[in-house]
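**Q** As given, the protein sequences belong to chains A and B, one line each in that order. With the working numbering applied, the first sequence corresponds to residues 1 to 220, in that order. With the working numbering applied, the second sequence corresponds to residues 1 to 469, in that order.
In case anyone wonders, no lab produced these hints; they're calculated from the structure. Treat the hints loosely; a few may be bogus.
[Said to hold, decoys possible] Below are the SDA-like pairs computed for lysine to any residue, each with C-alpha atoms no more than 20 Å apart in a straight line:
id : chain 1 : residue 1 : chain 2 : residue 2
1  : B       : LYS100    : B       : HIS59
2  : B       : LYS306    : A       : GLU19
3  : A       : LYS60     : B       : ALA37
4  : B       : LYS306    : B       : ASP349
5  : B       : LYS306    : A       : LYS60
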Amino acid sequence: MSARDTILNAIRGGLGNTEIHPMAVRREADALLQGLPSIRPPLLEDGLVDAFIARVTSPKVAATAERIASASELPAAVGRYLEARGLPAVVALQPAAPLQDLDWSGFELHDEVAPDETIAIGVARWGIAETGSLVFHSGADTPILANFLPLHHLVMVRADTILPFLDDYAAATAGQRPPRNVNIVTGASGTTDIEGSLVLGAHGPRFLHVVIVGTPDSSE
Amino acid sequence: MQEATLSFKARAKEALADPTLKIAIDRTTGTAERKRAVAMTQFPQFEAARERGKRIKDHVIANLDHYLLEFERNAIASGAKVHWARTAEEASQIVVRLCKEAGAKRVTRVKSMLGEEIGLPHALDEAGIERVETDLAEHIVQLGGDRPSHIVWPSMHRTREQVSEMFKRLHRAPHQEETIEAMVDSARRELRDKFLTADVSISGANFLLADTGATCTVTNEGNAELTTTPPRVHIVTAGIEKLVPSMGHAIAMLRLLVRSATGADVTQYTTFHCGPKQTGDRDGPEEFHIVLVDNGRTRMLREGMKDMLRCIRCGACMNHCVVFRQLGGHVYGGTYPGPMGAVLTPMFDGLEQSRDLPHACTMNGKCQEVCPVAIPLPTLLRGWRDRSWREGLEPTAVRFGLGIHTFVASRPRLYRLGTAIAVRVMRLFNRGGLVKGMPGLGAWTAYREFPAPAKRTFMEMYKDQEKGQ
């Protein structure tokens with residue numbers, strides 16, 4: 001008997017060989033996700049964007065955030081970030097249209113992220129207010145390594161893509177073909193492996209800066 | 001492996017005598033305990049969430065064959081290759097074979113307790129494949145040539161001073177400054193090029209999603225994604241109990257897992273892997289393999305240990321265990337230490353080998369209290385104790401001692417005589433109301449004292465009172 005059959009038979013035996021009705025299993029599984037507000041934490045603020053920023057900048061997540069009115073202001077925001085830290089205007093820009101279409105004059109751009117890349121700029125598909133997270137899907141315009149190699153990761157997210165809870169992300173993508181990778185990124189890379197004390201920049205970015213564009217009801 | 005040859009008691013003695021171990025354990029578990037407590041105050045719904053988490057896992061286990069088949073079907077549809085392994089050896093052999101088929105010289109690994117459980121590090125070393133551990137703690141364990149001592153912080157038995165010494169000796173461009181930040185940086189430099197030049201990556205899974213065939217890993221360092229993206233082949237090994245029906249269920253479990261493990265709300269990186277590189281993708285592996293491992297799990301289902309299959313490997317039980325916090329993880333001798341390890345190890349290694357583990361417990365119930373899926377760990381440990389007795393594995397001295405106790409305790413007159421003598425003898429050692437030392441009790445009184453007993457036993461005083469009335 002194959003390993004597969006041996007294991008499946010052992011499970012059926014262990015469960016008393018009862019018959020399973022897929023529809024009943026499905027109903028039971030769905031019922032386990034009813035009444036979500038009673039089993040998840042509250043948001044920090046009433047407004048979605050405020051709640052999101054409060055999480056992103058909370059000591060637990062320890063990232064920085066700022067708001068801009070429209071995406072066209074992103075290059076200037078990046079410029080201010082680099083200048084404040086004395087960093088050169090040499091950046092890896094994610095090959096995604098919302099970023100590539102902006103006016104980056106004054107910057108030296110490339111799209112391949114180097115192993116020791118200092119600054120990379122990306123765009124997240126969603127923000128999650130519950131946890132202050134950014135969600136990325138791998139794809140033609142989203143190399144996964146770009147989220148992990150740079151030292152400074154600057155991420156643009158549109159205010160109208162900020163969802164209240166992680167469950168809302170699951171609901172928003174249910175039934176679609178999943179990408180190879182979904183990265184839910186919450187703060188910079190960190191480790192507590194040496195004596196439990198938190199150090200940022202373990203292997204991934206040491207600094208995460210989130211730039212929120214527009215308002216929840218704007219289409220920009 | 002030195003630990004394996006010593007008895008549990010000898011290992012415990014060594015651990016207690018180690019002057020730095022207790023400091024190292026306290027630094028990590030103390031922080032974890034405090035942070036978890038704070039997280040609980042910020043999540044008033046935790047109790048309800050915990051009850052739901054328990055029901056989600058119970059639901060999955062009750063329909064495990066159904067969910068495994070659904071997962072397999074969807075994983076294959078996503079382009080993954082699914083393998084099944086009955087035992088640890090079979091699982092390791094599959095992984096080593098896949099590495100060899102890929103012509104792998106260098107393999108990068110993301111920390112996975114299942115990988116440790118099936119002996120994968122050893123199997124890869126045996127096969128002559130260069131193994132690079134990329135999790136910082138596993139990197140420290142690899143440099144130190146020892147074993148993980150905690151399931152979340154595998155190198156918590158090392159103090160910062162020891163880590164610093166190792167990095168200085170073994171890294172190509174070690175840190176100059178004596179700070180933890182500088183040490184972490186040293187590891188970052190050391191591992192950078194290895195991520196990008198490996199042929200195969202191997203990771204575990206925190207959850208398997210039945211409805212998409214995706215696997216989910218949670219990490220804080222970002223090493224998982226740096227590990228699994230560049231190589232041509234990515235292999236996931238996962239226990240068959242890791243299933244959840246959908247992403248929504250995984251999210252409900254994540255809220256419990258991360259708070260219980262580290263006190264954070266969510267790990268820095270939560271990643272869902274679904275199949276190999278898709279058309280147009282900028283990066284990712286060409287091949288994606290999932291090895292589903294039984295290794296005793298179906299036996300747990302049959303042998304009354306179904307509750308343990310809910311375990312999501314958060315480590316809260318060990319962080320709060322008074323025994324673990326004295327001894328650390330190595331003393332337990334198995335892959336999994338602490339209370340959950342004391343339940344699992346007899347299953348993996350046999351009760352005869354590990355009968356001391358279920359005894360190394362004070363039954364204070366703390367582990368069950370903090371368990372995010374409410375596993376009755378003390379009850380399961382008591383089950384092993386019963387079984388050890390029934391199977392005659394308890395040593396002669398214990399059986400003899402308990403035999404005498406039963407004989408005396410079931411004869412009230414003899415029992416009363418015995419206790420009357422005992423309290424009088426013990427009072428001879430009364431020093432200001434305390435007994436601080438007594439022949440035959442050296443091991444006990446070396447570290448603690450106890451109040452001197454009353455002059456007479458309860459029964460003696462009770463009888464006098466009855467007479468007086």
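**Q** Compare the structure with each hint and give your call.
**A** Evaluated hints:
no. : hint                   : verdict
1   : B/LYS100 with B/HIS59  : violated (38 Å)
2   : B/LYS306 with A/GLU19  : holds (19 Å)
3   : A/LYS60 with B/ALA37   : holds (14 Å)
4   : B/LYS306 with B/ASP349 : holds (18 Å)
5   : B/LYS306 with A/LYS60  : violated (35 Å)
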